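Chains as they are written, first to last, in numbering that gives the first Met the number 0: chain A, 0 to 266; chain B, 0 to 845.
Think of the hints as simulated: they come from the structure by calculation, not from any bench.
Given the structure is predicted, the values throughout are model-derived calculations rather than measurements.
Treat the hints with care, as some may be off.
Partial list, derived from the structure: chain B residues whose beta carbon lies under 10 angstroms from chain A [what the hints assert, rightly or not]:
#, residue
1, G474
2, R485
3, P488
4, R747
5, G756
6, T758
We treat Cβ as the ideally placed atom computed from N, Cα and C, and that holds for glycine.
If you want the building blocks of each chain, they are given just below.
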Amino acid sequence: MADGSQQSSAQAATAVQPTRAASEASGSSAAHSVDAVKIYGRGDTAVRALDNVNVSFDKGRFTAIMGPSGSGKSTLLHCVAGLDRLTSGQVYIGDAELGALTDRQLTLLRRQKVGFIFQSYNLVPTLSALDNIVLPLTIAGHKPDGPALDEVVRITGLGPRLRHRPSELSGGQQQRVAAARALVSRPDIIFADEPTGNLDSRSSAELLDFLRHAVSDLGQTLAMVTHDPLAAVRADRVVFLADGRVVDEMTSPTADTILGVMRHLGD
Amino acid sequence: MFKVSIRSLLSHKLRLLLTTLAIVIGVSSVAGTFIFIDTINSTFTRIFQAANAGVAVTVRGHELHGDSGGIGGRGRQAIPRSLVTTIKPVPGVRGIAGVLFRDGATMIGRDGKQIGGNGPPTFGGNWINDSEISPYHIRSGGPPTQATDVVVDAGTATSHNFSVGQQISIAFTVAPEQRFTISGIAGFGTSDNLAGATIALFREDTAERVLDGKNKYDEIDVSAQGGVSDIGLRDRIASTLPSYAEAATGQQAAQAAEQSTESTISTFIGTPLLVFAFIFLFVGSFLIVNTFNILVAQRTRELALLRAVGATRRQVLTSVLVEASLTGLVASLLGVLLGLVVASGLNSLIKAPPGTTLSLQPRSFIIGIVVGVVVTVLAATFPARRATRVAPVAALREALPETQALPRRRNVSGAAVFVLGCIATGVGLSGAAPATLQLLGAGVLGIFFGVALLAPLLVSPIAAVLGWPVRRFRGVSGLLARENARRNPRRTALTSAALMIGLALVTSVAVLTASFKASADAAIEGALRGDFIVFSQTGAEFSPAAAQILRRDTKVTNVTELRTSTILIGSASLGMVAIDPSALNTTLAFDMTSGDEGSIATRNTAIVDKAEASARGLAVGDMVTVGFPASPDVRMRIGGIYKQNAIAQGYIVSIATLAPNVSTTRDDVMLANAAPGVSLSDAESALKADLAAFPLVGAMNRAEYRTFVGSQIDDFLNLITGLLFLAVFIAVLGIVNTLALSVLERTREIGLIRALGMTRGQTRSMVRWESVLIALIGAVLGLAVGVGLGLALSNALHDLGIDHVAVPGGNLIFYAFVAGIFGVLAAIFPAIRASRLNVLNAIASE
Chain A
0 MADGSQQSSA QAATAVQPTR AASEASGSSA AHSVDAVKIY GRGDTAVRAL
50 DNVNVSFDKG RFTAIMGPSG SGKSTLLHCV AGLDRLTSGQ VYIGDAELGA
100 LTDRQLTLLR RQKVGFIFQS YNLVPTLSAL DNIVLPLTIA GHKPDGPALD
150 EVVRITGLGP RLRHRPSELS GGQQQRVAAA RALVSRPDII FADEPTGNLD
200 SRSSAELLDF LRHAVSDLGQ TLAMVTHDPL AAVRADRVVF LADGRVVDEM
250 TSPTADTILG VMRHLGD
Chain B
0 MFKVSIRSLL SHKLRLLLTT LAIVIGVSSV AGTFIFIDTI NSTFTRIFQA
50 ANAGVAVTVR GHELHGDSGG IGGRGRQAIP RSLVTTIKPV PGVRGIAGVL
100 FRDGATMIGR DGKQIGGNGP PTFGGNWIND SEISPYHIRS GGPPTQATDV
150 VVDAGTATSH NFSVGQQISI AFTVAPEQRF TISGIAGFGT SDNLAGATIA
200 LFREDTAERV LDGKNKYDEI DVSAQGGVSD IGLRDRIAST LPSYAEAATG
250 QQAAQAAEQS TESTISTFIG TPLLVFAFIF LFVGSFLIVN TFNILVAQRT
300 RELALLRAVG ATRRQVLTSV LVEASLTGLV ASLLGVLLGL VVASGLNSLI
350 KAPPGTTLSL QPRSFIIGIV VGVVVTVLAA TFPARRATRV APVAALREAL
400 PETQALPRRR NVSGAAVFVL GCIATGVGLS GAAPATLQLL GAGVLGIFFG
450 VALLAPLLVS PIAAVLGWPV RRFRGVSGLL ARENARRNPR RTALTSAALM
500 IGLALVTSVA VLTASFKASA DAAIEGALRG DFIVFSQTGA EFSPAAAQIL
550 RRDTKVTNVT ELRTSTILIG SASLGMVAID PSALNTTLAF DMTSGDEGSI
600 ATRNTAIVDK AEASARGLAV GDMVTVGFPA SPDVRMRIGG IYKQNAIAQG
650 YIVSIATLAP NVSTTRDDVM LANAAPGVSL SDAESALKAD LAAFPLVGAM
700 NRAEYRTFVG SQIDDFLNLI TGLLFLAVFI AVLGIVNTLA LSVLERTREI
750 GLIRALGMTR GQTRSMVRWE SVLIALIGAV LGLAVGVGLG LALSNALHDL
800 GIDHVAVPGG NLIFYAFVAG IFGVLAAIFP AIRASRLNVL NAIASE
């Protein structure tokens, strides 16, 4: 209901912005945005959450999105993942422009091409861990295929706890189930929104190992919003957002370089 | 704390709407019933007062035994005309008029159809010339001056377009149909007619003939000279009367008639309606419990916060109960308003006389509101007590899903209540205890409560079984639907329990009527040997002239007349049936347990049914004293004991035994066979042609009669089922309510599965199938409890002739199917709501 009302094509952004990422579109990109603008509210209270963002997530790469609170990093993730609609501009997953899709087409696209990992695990409480993992396949009406599923299940390390309900698992275990669920349908891109936000440091490290493995060894594409430099450092590339704009980016980040940029943005 | 209650109420007003609706339905049926009863009573009071306005004293025969009363009072013995000459000279008498007024004169409308008859009586009477005494007031035309004149009541004249001068046919139960000219149109007192009953008035000699009133009056009315008191006149007249007659003042007679009418109305209309109102409220209370349970669960953090800032448990309890009583109050106010509509509906259903205004006694409103508020508050007490157990620390914790461990205590008490309910029902049905009906009611209530308490245990297994095909054929939606139905067994149980009650009642009535039908069919088959059965459609007795005509017809034989009389055995009013002994085993058969039915050929010998024999400890050879309405007691010998019979019940004697003890000779039923060598269809058309002069007397062959009895039982079933389906409807509101609140509660989860790629259609399907599962769980429980209750009832009513027990499988499958459909309908709005939830809301971080 709300997503429709926030869309207003009349407010097409005309401002010229540096378009570093836009030129890299298609081909090597799993998803990208072009002049993405998202405005919440109207009139005096309007907030420009995304202000002409051009960003691309390359295939087989692990991209972290960082920025202070309110920088628009979660909004960007939601819009690129097809959970929310832009006020103007375009986002693409593969060749599909999300703004042109109906709710049903968008749903089917999410089902086939997108995986999600959320901060608060978000498992279906009535289903067992295994049923949660295969849920995207069940929703699509597919039978989970043996070897691929076994592989995913194996790397979660859950083993005998697969038949348990989420409430009987620890936070770390629940998040590994969520990660396995994102991976099981081999989507074109996985979006992770603060996946380590609710985890202790050991569980965090385990989950990041798992994600890193998915990208390096299984060739997955991953976009992760985080405010934790120790998480971002595991990415191939970090994009920095502030006030709804891309303000910086780096490849092969280290904790120090990330902290340097962040400290600067925090000022 | 009061403010908190109000705020909470307002913020949840949409959620409380359905709860409110359930209370509104219950309260409106309570208030509507009371208003309706008051309205009819005041209508009759008005009619009787106006009709008796000019009557100082009325003289009548004694009340007949065994007549259960009805509109206008109990049936009475007629009195001889000669009494007029006895009363006339009594000092103080001014005018005097004999009145014939009895059921059995049915007007035929322009369309050739009988007017009335199935419901209100069709009265015939003599025109009364003394205008002071007469309740009839000419509106147009004039009194009947010719033998073929008739005055009809203004109500019938208006509704059937009769006018003065018009020709009209009138059918009688004791005389052949005849044509009359309408000489006038009259009102009854100040009304158009007697509360919907038709009235045809004839010249006195005509009335005497067509109403079987030779030398008889039903009452003699007297007006008083100026200055003479009614009571003094009554006493003077009474002292001149023979023992078979009694005198009352006009006011007394009117009051007695009113009282009898009121008790008839409250017995046959008021009490059953209040029972249904109670059922509606009972089912509605489940809805209230569930709503408040869910509201309390959703407000856990808020309540904990209140506790954390210093609210006592008592204050929390009070806040929930205040919220409940405000809800109950608002709903009850709406309910009593709707009660006015219900009462008008009932009025038009019974065709109340036009111009009837609703009688609004404060009592109707007070009872309605008190009942509504009390039920709501009582039902909310359980959730309110749970609210008090919320620990302050819960305010600080992440909202946890309700823990589902079911307390053992609850299961134990559920089982105990269930067993106690079964015992009470059993004892109530056995009739061993004094307060049979109350015990039965309490027992059934106990069974419902017990099953409702135990239902959480049953929900999961039943859902697993019923959910299997749903999971199999509806994929992920089916899987989630099944798991959602099982995730909160208590909530699902409470929701389906409401449906269980409605369906259990419908089912038990269906089982009972199916058993009754099967038994009646078998009983007719066993008892009715005649090819044809003849009786009056209005149930009135008819002239023996019909039998005489049939006896002259060579195509029919064994014409058997059944005559009935009310008799008094000890203080009990019972029925006696007289037949010609030659009918035995040619048209009518008795299944004897002892003695011989042929013994009735001996004068003053009776055979009696087994139930009566065992109730009085009668055996063959015993003597009983039989009291007759207007003749001395007779000692009779018991010649045999028979099993329940479909055609003749009670004490059976020969016509020769009955005849000297009764003043009228009229038939209730005739039986006949086709003559040897005559085909059934030839005989039937001959028979029907013979009876053409008696249009109120109808003939049926055996197959038709069985169908007729069956269809009457079906009509009863349909009426009860129709009313009970309102209870089912309330339960369906409960499903809507539960689903809507569940959807709200699962916002995050629904958003998640939508994010993972569930389409809106799949989401709707998930909610829909959860709803169907809840409904089917209710259906399974309801059918099980209902079949059990129905079988117990059927067995207990063995004495009433239910000796065959039948379970109407087709009906049960239909009920389950309907429950499933209701499940689909209940899910419509919650499903739409679920499918439109904003995906982002679900996953946005706190």
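Which earlier hints turn out false for this structure, listed by number in ascending order?
Hint check: 3 fails alone, others pass.
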